[in-house]
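Enquirer: Sequence:
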Amino acid sequence: MAFTIRQLQFFIAVAEQGTVSGAAQNLSISQSSVTEAIKELESDLGVELFERHPRGLNITHKGHQFLRHATKILADVSDARRAFSDDQVVAGGRLQLGVTSLVAGYVLSDLLARYRRAYPGIDVSAIEDNGDYLEHLLIGGKLDIAVMVTSNLRDRTALQSEILEVSAYRLWVPLGHKLASADIIGIGDIAGEPLIMLTVDEIEENTGKLLAAIGARPHVAFRTRSVEAVRSLVATGAGVALLPDLVYRPWSLEGDRIESRDISGSLPVVQVGMAPRLRSAAGVARLHRPCPVATYGTPAALIGCVVIYRKNRYRVSDK
Numbered sequence: 001m002a003f004t005i006r007q008l009q010f011f012i013a014v015a016e017q018g019t020v021s022g023a024a025q026n027l028s029i030s031q032s033s034v035t036e037a038i039k040e041l042e043s044d045l046g047v048e049l050f051e052r053h054p055r056g057l058n059i060t061h062k063g064h065q066f067l068r069h070a071t072k073i074l075a076d077v078s079d080a081r082r083a084f085s086d087d088q089v090v091a092g093g094r095l096q097l098g099v100t101s102l103v104a105g106y107v108l109s110d111l112l113a114r115y116r117r118a119y120p121g122i123d124v125s126a127i128e129d130n131g132d133y134l135e136h137l138l139i140g141g142k143l144d145i146a147v148m149v150t151s152n153l154r155d156r157t158a159l160q161s162e163i164l165e166v167s168a169y170r171l172w173v174p175l176g177h178k179l180a181s182a183d184i185i186g187i188g189d190i191a192g193e194p195l196i197m198l199t200v201d202e203i204e205e206n207t208g209k210l211l212a213a214i215g216a217r218p219h220v221a222f223r224t225r226s227v228e229a230v231r232s233l234v235a236t237g238a239g240v241a242l243l244p245d246l247v248y249r250p251w252s253l254e255g256d257r258i259e260s261r262d263i264s265g266s267l268p269v270v271q272v273g274m275a276p277r278l279r280s281a282a283g284v285a286r287l288h289r290p291c292p293v294a295t296y297g298t299p300a301a302l303i304g305c306v307v308i309y310r311k312n313r314y315r316v317s318d319k
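The sequence shown begins at 1 in this note's numbering and counts up by one.
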């Protein structure tokens with residue numbers, strides 16, 4: 001039996017949530033429906049998409065490969081429906097976009113691909129830089145919009161932001177590490193471990209604050225701006241890392257496994273958001289109007305359509 005669009009939607013939701021219960025909640029359906037859909041999909045493909053464990057599910061290497069295909073299939077279906085929409089509006093213009101490095105690697109590609117499919121007539125020009133400089137460009141009118149870590153915005157009086165994703169910090173450890181099987185992991189358990197420190201956005205600052213709160217100083221084994229370097233070093237046992245969950249992938253480029261574990265206590269979160277060149281709450285509110293938004297005026301407002309699509313990506317329609 002060929003797999004269905006609904007099964008793909010269920011699969012993507014489980015892959016992103018990490019649990020059947022979390023996926024079912026986002027889909028507003030029963031857990032048994034999600035479980036049955038995943039079993040049928042695995043049977044049809046002849047591969048195991050998830051590893052089951054008491055804490056939830058880990059996507060397998062085959063599952064990770066299929067996730068890319070499933071995402072593309074659903075995007076193509078959405079494009080096909082949009083192509084025959086009666087109220088489709090062809091928009092034109094130019095969008096000056098800024099991104100921080102963390103966003104560029106893990107959020108931007110999906111967001112921008114959907115935006116370009118929806119509005120092929122918009123010429124998008126993007127730059128990557130640190131958050132402070134992007135704020136400067138926004139306030140100075142050099143950018144239309146920035147997609148960045150907004151939990152550490154410096155000038156909240158001049159900029160307003162719309163949250164796209166909230167990501168909690170989790171501990172990365174190599175396969176077989178003693179903390180991988182621990183029932184509870186606290187910040188104190190990390191203090192004695194060599195740290196692989198990512199130095200982009202607010203990661204190093206937050207890690208230092210967490211350890212300082214218990215009177216510990218981080219034992220940094222390696223500092224890098226590359227998430228892939230962090231992943232490879234953790235996977236080979238060079239240290240552990242404390243990173244937001246949005247950048248987690250279970251394998252290094254070399255194919256070595258990385259485990260991700262929750263940490264007890266009060267930890268900060270990373271907020272990835274959209275900061276438009278707007279000065280009023282009314283401007284931000286425009287971003288929430290239903291699609292299409294091509295008649296709103298500035299190209300910056302158009303990205304709101306993608307934001308709505310992203311927030312509703314788990315919804316399943318019977319139409």
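Just so you know, the hints here were simulated from the structure itself, not pulled from any lab data. All C-beta atoms, glycine included, are put in the ideal place defined by N, C-alpha and C. Hints may be right or wrong, so weigh each one.
Unchecked claim - Pair ranges (Cβ atoms, derived):
#1 V166 with S109: 43 to 49 Å
#2 K209 with S109: 26 to 32 Å
#3 H61 with G93: 21 to 27 Å
#4 S32 with T236: 38 to 44 Å
#5 Q25 with F222: 23 to 29 Å
#6 R217 with G141: 15 to 21 Å
#7 I214 with R6: 43 to 49 Å
#8 G46 with K209: 43 to 49 Å
Said to hold, decoys possible - Dumping the calculated DSS-like pairs for lysine-lysine here, alpha-carbon to alpha-carbon at most 30 Å:
#9 K178 with K209
#10 K62 with K178
#11 K142 with K178
#12 K72 with K39
#13 K72 with K62
Enquirer: Which constraints among the numbered hints does this structure fail? Numbers only, ascending.
Expert: The structure conflicts with hints 1, 3, 5, 6, 11, although it agrees with all the remaining ones.
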